[in-house]
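Hey, can you work out the whole structure from these sequences and the hints?
2 protein chains.
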Amino acid sequence: MATRSALERSRSALHLRLLAAQRRLVTKQQSAVIVIGGNDRLAASELANQLTEWFDSRTVRICAPTAHAHPKHPFLWPYWQDMPAKGRLTIVVGDWLTRTAVQAAHDELSGDALRVRLKSLRTFEELLAADGTSVVKIWLETSEKTLRKRLREAEDTDAEGWVVSPEDLLLAKHGNLSLCRALRSQGSGKNLPWKVVMGGTETKHRDLSAGLVIAAQMGQVSRRRPAIAVKKPSGRPRGLLESATAHPALDKKGYSQQMAKLQARLGRLSRLAAQKGLSTVVVLEGPDAAGKGGAIRRLCGQLDAAHYQVFPTPAPTPEEKARHYLWRFWNKVPAPGHLAVFDRSWFGRVMVERVEGFAKDAEWARAYAEINDFEARLAETGMVVLKLWINISKEEQLRRFQAREISPHKRHKMTKEDYRNRKKWDDNLRAAEDMIARTDTPHAPWVVVSGDDKRYARVAALKAVCRALSDRLD
Amino acid sequence: MATRSALERSRSALHLRLLAAQRRLVTKQQSAVIVIGGNDRLAASELANQLTEWFDSRTVRICAPTAHAHPKHPFLWPYWQDMPAKGRLTIVVGDWLTRTAVQAAHDELSGDALRVRLKSLRTFEELLAADGTSVVKIWLETSEKTLRKRLREAEDTDAEGWVVSPEDLLLAKHGNLSLCRALRSQGSGKNLPWKVVMGGTETKHRDLSAGLVIAAQMGQVSRRRPAIAVKKPSGRPRGLLESATAHPALDKKGYSQQMAKLQARLGRLSRLAAQKGLSTVVVLEGPDAAGKGGAIRRLCGQLDAAHYQVFPTPAPTPEEKARHYLWRFWNKVPAPGHLAVFDRSWFGRVMVERVEGFAKDAEWARAYAEINDFEARLAETGMVVLKLWINISKEEQLRRFQAREISPHKRHKMTKEDYRNRKKWDDNLRAAEDMIARTDTPHAPWVVVSGDDKRYARVAALKAVCRALSDRLD
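Just so you know, the protein sequences line up as chains A and P, in that order.
According to numbering that gives the first Met the number 0, the residues represented by the first sequence are 0 to 473, in order.
According to numbering that gives the first Met the number 0, the residues represented by the second sequence are 0 to 473, in order.
It should be emphasised that the hints constitute simulated quantities derived from the structure, not laboratory data.
Be aware that a few hints might be false.
Label pairs and their calculated CB-CB ranges [claimed, not checked]:
hint	chain 1	residue 1	chain 2	residue 2	range
1	A	R57	P	R8	56 to 62 Å
2	P	G253	A	V25	36 to 42 Å
3	A	R471	P	H408	41 to 47 Å
4	A	R471	P	T65	18 to 24 Å
Don't be surprised by glycine CBs; every beta carbon is placed ideally from N, CA and C.
In structure tokens, the structure reads:
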């Protein structure tokens, strides 16, 4: 072998360090996200390619959303799709801050909207870090002069090279360099700063510099201590829900008439929503046997099967368990014009996971904010987000359990767990009160439906959904 | 309880039968697809809703692609996405035959294209059945007069009902009734006929009739005996590949120059493909240590990270194992304009699964036709499909294994299995010969690349991909 230069020796040593860091991810079952941003798109792409060459590609995924992909989906949606499972690595090119900077430089994003975006980026990064994901952020910065030269050269290569677009130079302009600096600091989670690496023409040096940062930081997690100590909701239920169970029963005839009318109304609204591209998320929560399934079937009974989807929420699969608990719900965000109905949902984190101790105190305590943020991201795309708590009394639940056991049509709904869960009635009720108090927001409100009379509850659920849709459509 | 009518009693009994049939799916770990087609879209939607009410919704999924969804994806793509895992049930509304009939009635599909489509539907249904999936097909047929009346009524309900479109009546027209009949028979897999149920206004009777068919057929599998006995490829390798390993080595300088030129060329072609929406699938297969990974890194080394995705093919996850082996690859079909590179692929079915006995003889033997059909479905959307076999000699493989073991940069690539697999060299070679002979098609050709010289192999792989793309783009 010929004598290698100092550069080659350093790159070779770095290669080994990166492989070792990647092996540690696997053994420690930790996930990592490497974000490559900056004003030099060509350099970002080259660095991503170099990294996939250095890493063992079997556990690496590239996430590279194009600038205008998925305009109707929440901004963070493409990143959520590709979040790594434990032991794995995602490299992001076309990252959230660079795309935000391009929009800001184009004046497509400013003022409050920009501030909300930057906050959402901070929250997102902190959420990943809090979940134990290692987040490494490289900002490739190239001066306008160098970038211009570099792009021209790339364009020239065999007359078949890069096609320079005006956008390629946008962020390298003098004024935008300081814009980017400001956005980098305002759009970064606590203890998750961008590490600036010079872009430019010395590609091997550049990739070495970036790689050294990655080797040093990958595997480190900047778990942020909450500024205020987690206030654990505690004590006995405050009785907020206990009173809201009964309602004068609806007679069968009045029920049938109202139901037919409401279903036709929701049918019309959902067709209109499909036409206009208005998406809707409806969540149903409530104790076992509250009547969630029955309410959902009435809700969807007259809808066009092409316009809606019902998602049950069983125990998470291994793929789901290996990621942030919100991942599987981000994957089910409805397409434009669609209605997604969740039979139980992300609120499991602050209900069953809290009550059964599946989530640690700090985990479920921070989930309220995470959930509010998730729903805010959906709502800001214009989506209708509505949460229904169907509330029944402990006595009514027992009656229904007993009726289920003797009904051949309903026996399949009973599991061994149902009576066991019932013993934790008070804990569940307290958790529900906390959940509703902490996640009832203007953009994603809770509606509590008295559930002891099934007919009343179904009518009330349908009415609530109709109202939410017609507020937006009429 | 008041006395129930005979109809209600029958429906209640059917409800129990359906729940029992669904439980059997779970205990027997069998999957089922219920297809609801016909000329009465309103009835299909109502029936689907009624079925989700009868079934335990936790293991049911609705697949309802809209008529013009995913125009750039293969026609069968949305159905593949929603195929049920073992123990689960998918209800299809907006099915493959109804959508084909609408296109034929509109004259958007005729002649050869229609024949190819109908053949692809037969093949698809037979593939599901061969895999043990129970396929139940209900065709809801309503006369034009009844349908017109019914749609008018639906339209009138509280002035908020169904909006009748010209399309809603299209298939109910007299001439199209016989068109549908012909398509139903030509587009159905062997022993997988459509069961015609009268649509119309008597919704409770209609759903009862359809439900009875489903209860009777669900869980039955019509595994088709191959007309010709499976001809097992057997015997020793025929030496077709043994000779194609060596090639005069490329010197380092010539290699670097050629590589730079080819990478720039592929970069240009891939940008052009992205612009024009031309998608590409490249598959790399070959013995362990053939240099697939290295070839892929050179292939993608100068591409824009937003334009391509590399998919390794590890052992299937539980979710993947519970479905047809092609499912996980249908899920990775590239979006318009993208390049998907597969590091090993669906050919595992006729390579490792055959050689190791993971697939039964009948399973891998029918896989050649299934794979050809899958690739034909991709190619007919205009996609470039190219398969590269990188071929090395047994001696070269040993040299590389030994080099890997002492190289700290490559040690991670070695697994315990590698030497074990090497013992089956002849079996693997024979399987590769059969695979190439049986799946080399005009729309998805194999290119055999001599791999003993790595530089030559990388250049040849890049050239082959460039050629395939430029044939379509230039």
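Hints breached by this structure: Violated hint (a single one): 3; every other hint is consistent with the structure.
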